[in-house]
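Chains as they are written, first to last, in my numbering: chain A, 6 to 414; chain B, 6 to 414.
In case anyone wonders, no lab produced these hints; they're calculated from the structure. Any given hint could be a false lead.
You can't tell identical chains apart in this list, so a pair holds if it fits in one copy or across any two.
Lysine-lysine pairs mimicking PhoX-like chemistry, simulated, CA-CA at most 25 Å apart [to be verified]:
hint : residue 1 : residue 2
1    : LYS94     : LYS364
2    : LYS10     : LYS94
3    : LYS10     : LYS409
4    : LYS86     : LYS289
5    : LYS86     : LYS293
6    : LYS10     : LYS413
The structure presented is a predicted model; accordingly, all values stated were derived computationally and were not measured.
Number of protein chains: 2
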Amino acid sequence: MASCKILVAQGGGPTAVINQSLVGVVLEARRQHQVGLVYGARHGVRGIVAEDFVDLTQETSHNLELVASTPSSALGSTRDKPDAAYCHKIFQVLQAHEISHFFYIGGNDSSDTVRIVSGEAAAAGYPLRCIHIPKTIDNDLVENDHTPGFPSAARFVAQAFAGANLDNAALPGVYLGVVMGRHAGFLTAASALGKKFPDDGPHLIYLPERVFELERFLADVKAVFDRHGRCVIAVSEGIHDAAGQPILAQLAKDLAKDLEHDAHGNVQLSGNGALADLLCEEIKTRLKISRVRGDTFGYLQRSFIGCVSDVDQREAREVGEKAVQFAFNAGRDGSVAIKRSGYYSVDYELLPLSAVAGKTRVMDDAFISDNGTDVTDAFRLYLRPLLGSGMPDAFRLRPNPVAKILNKN
Amino acid sequence: MASCKILVAQGGGPTAVINQSLVGVVLEARRQHQVGLVYGARHGVRGIVAEDFVDLTQETSHNLELVASTPSSALGSTRDKPDAAYCHKIFQVLQAHEISHFFYIGGNDSSDTVRIVSGEAAAAGYPLRCIHIPKTIDNDLVENDHTPGFPSAARFVAQAFAGANLDNAALPGVYLGVVMGRHAGFLTAASALGKKFPDDGPHLIYLPERVFELERFLADVKAVFDRHGRCVIAVSEGIHDAAGQPILAQLAKDLAKDLEHDAHGNVQLSGNGALADLLCEEIKTRLKISRVRGDTFGYLQRSFIGCVSDVDQREAREVGEKAVQFAFNAGRDGSVAIKRSGYYSVDYELLPLSAVAGKTRVMDDAFISDNGTDVTDAFRLYLRPLLGSGMPDAFRLRPNPVAKILNKN
Chain A
6 MASCKILVAQ GGGPTAVINQ SLVGVVLEAR RQHQVGLVYG ARHGVRGIVA EDFVDLTQET
66 SHNLELVAST PSSALGSTRD KPDAAYCHKI FQVLQAHEIS HFFYIGGNDS SDTVRIVSGE
126 AAAAGYPLRC IHIPKTIDND LVENDHTPGF PSAARFVAQA FAGANLDNAA LPGVYLGVVM
186 GRHAGFLTAA SALGKKFPDD GPHLIYLPER VFELERFLAD VKAVFDRHGR CVIAVSEGIH
246 DAAGQPILAQ LAKDLAKDLE HDAHGNVQLS GNGALADLLC EEIKTRLKIS RVRGDTFGYL
306 QRSFIGCVSD VDQREAREVG EKAVQFAFNA GRDGSVAIKR SGYYSVDYEL LPLSAVAGKT
366 RVMDDAFISD NGTDVTDAFR LYLRPLLGSG MPDAFRLRPN PVAKILNKN
Chain B
6 MASCKILVAQ GGGPTAVINQ SLVGVVLEAR RQHQVGLVYG ARHGVRGIVA EDFVDLTQET
66 SHNLELVAST PSSALGSTRD KPDAAYCHKI FQVLQAHEIS HFFYIGGNDS SDTVRIVSGE
126 AAAAGYPLRC IHIPKTIDND LVENDHTPGF PSAARFVAQA FAGANLDNAA LPGVYLGVVM
186 GRHAGFLTAA SALGKKFPDD GPHLIYLPER VFELERFLAD VKAVFDRHGR CVIAVSEGIH
246 DAAGQPILAQ LAKDLAKDLE HDAHGNVQLS GNGALADLLC EEIKTRLKIS RVRGDTFGYL
306 QRSFIGCVSD VDQREAREVG EKAVQFAFNA GRDGSVAIKR SGYYSVDYEL LPLSAVAGKT
366 RVMDDAFISD NGTDVTDAFR LYLRPLLGSG MPDAFRLRPN PVAKILNKN
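Using the sequences provided together with the hints, build the complete structure.
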């Protein structure tokens, strides 16, 4: 009775562990007796409407395991955000191929696509089980303790700032690192986990959950620099003014720079170094600090091979497996969610698609310090177990000063 | 007879393993019976003239081992490039503190400082043993097979491009990564070690050893993009035109952008994203490719904590140890050099300071492909063992296409 045909696809920005979820689906589906074929769509929904499918039933489990530990989307991804007409096409293809179960690994846009396709199938009376599998480095899915992909990206950001802080301590000045995240500051906030000693950076953290004011920013930087002789700053690419206007757009306008906009009319925030450069320029010219360096972490933070959280790997695999188990046992469509059950343990639940689809989570106020430029211990407690085992640690020489001979006072 | 006083300092840009060399010096010096005190100067030569010393004889060997595995310069560093008068001050301080052995860990500028101080001591008849210990991510010291710090930075660059290639394959477009290295392209060339499958990126590599022509660059990118539907590019920050003018300066001039210059009048190449942004802008506007993303690896490539070559760690430790052994046994000043003795093994030699000081090595022609935009197998053979064990590997799903139903041709 191996009659079921499964389809799995990956959408949105790749992560370090998105293939764990893919392989979780494929291996668990291949274990189900009623499953005959497991297809993968290339480049997400775009590949579905183009019927660009690969037969994953032909893939060895050994190679699947190796693909699972490879970052980025092995099936390819897409930035397409389907509207109702697009979703109708998706449904037509699924129907033509007699797909019985559709699994889509992605963020909140992807969950919304699954919700619409699920509705189409129900309206047409076509028996299709639709399951959304969470994934996003932004960690902005509601109803989830966190999302697969975020822990590994957070680990990269924490390690990057731990190193940048050491570099900045050796050659003092101002260092500013711009981190991904348009609406949610979780990934930028992860920079705080790179701190160890009390005077370590990042000394200032700017999140999209708080309004960014250039004058206050400059005063903050000056205060830290006056105190420590150096300053390490983490900035979210999504910082904005009180009107919600991105700071990048505001600073660039003053320079009459052209900015790229996406299909939704949003300013393209990633993929260039403009925000870091513009903020560094302000620090240099206004605060008269000579050594000011800015890095934009860019695609490294989500694609770097060899910086992954083992907790993230395990959970990403499990949400894929659980998706298949829910599909065959729960009797309804839904979105797989991660719920924290202990310190540290998790359980998985199947939520209604409408509970997750198209919604955006941001950082709780309890995670952000009162002054708005640091995180709280509650956030450290939340994030630390997600980063996994083997986090590198930084050590210092102890100060044992030698008496001066020539320069006595 | 524990009468000798040792001084060790670190100069120039930090690396992932520079503290291995520091700890190699300290632990080996503390084993020598004639050594009474081991001092470290904070922030390189700047700390010497300021007599800003710490007593490393008071440090536990356990903490020293932990510091050894921490990236960046634990003693602090400096960009000061001493002239004769500055070196005279250094010598006066060494004399006042009765320092008998001076070890300076750094690149070619640092070796030149050691050379001048060595000459001062000789001219004054003061018995001072001066040893330069190699360090630079640029790998641009002559007479060395390679320099400590380069292998770990090269590993970061290779891993970064391996991941960026996977990301670019998932969401196709043009990806351009700018890598450090003003004169020598070794670090940029290391991006080639991130390639595995024949169509993997980086598809194009631009080195400072070759003249950069914007029109040829655009034609190269177009050819790759037309063939693969995507293009991953590695660019050295030091690319320049036929007259030796940095491309950054040239592109920025067209935009009337102000650029920072260092003490030597060189354009500040690192610490901003301008070159990547300007090249991406050219690709977008001239080639009409919509998805073009640029990253500048910036300080991450030399400071990232948790991406280190075990071969680099071992060798960085050994050059520190050997420096002390040479100092007490060789009977002359010099610069410790790494010589390759097998595949893969190395030996260490003490070279005259004048053989290394102030000279710059660039990539051999045998390492660069004829078309100038790739490396040769000779380079792969050279670099691979330096990257160390446990390099992450990338795997793919095999193509098993499913026949189309709705879109038959």
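Okay, the hints, checked on the actual structure:
1. LYS94 - LYS364: Only inside one copy: LYS94 and LYS364 sit 24 Å apart there, 65 Å across copies, limit 25 Å.
2. LYS10 - LYS94: within (18 Å within a copy, 79 Å between copies)
3. LYS10 - LYS409: between (79 Å within a copy, 15 Å between copies)
4. LYS86 - LYS289: Only across copies: LYS86 and LYS289 sit 23 Å apart there, 40 Å inside one copy, limit 25 Å.
5. LYS86 - LYS293: Answer is between: at 23 Å across copies they meet the 25 Å cutoff, but 45 Å inside does not.
6. LYS10 - LYS413: Intra 82 Å, inter 20 Å, cutoff 25 Å: inter-copy only.
Going through the hint list in order, the structure satisfies each hint without exception.
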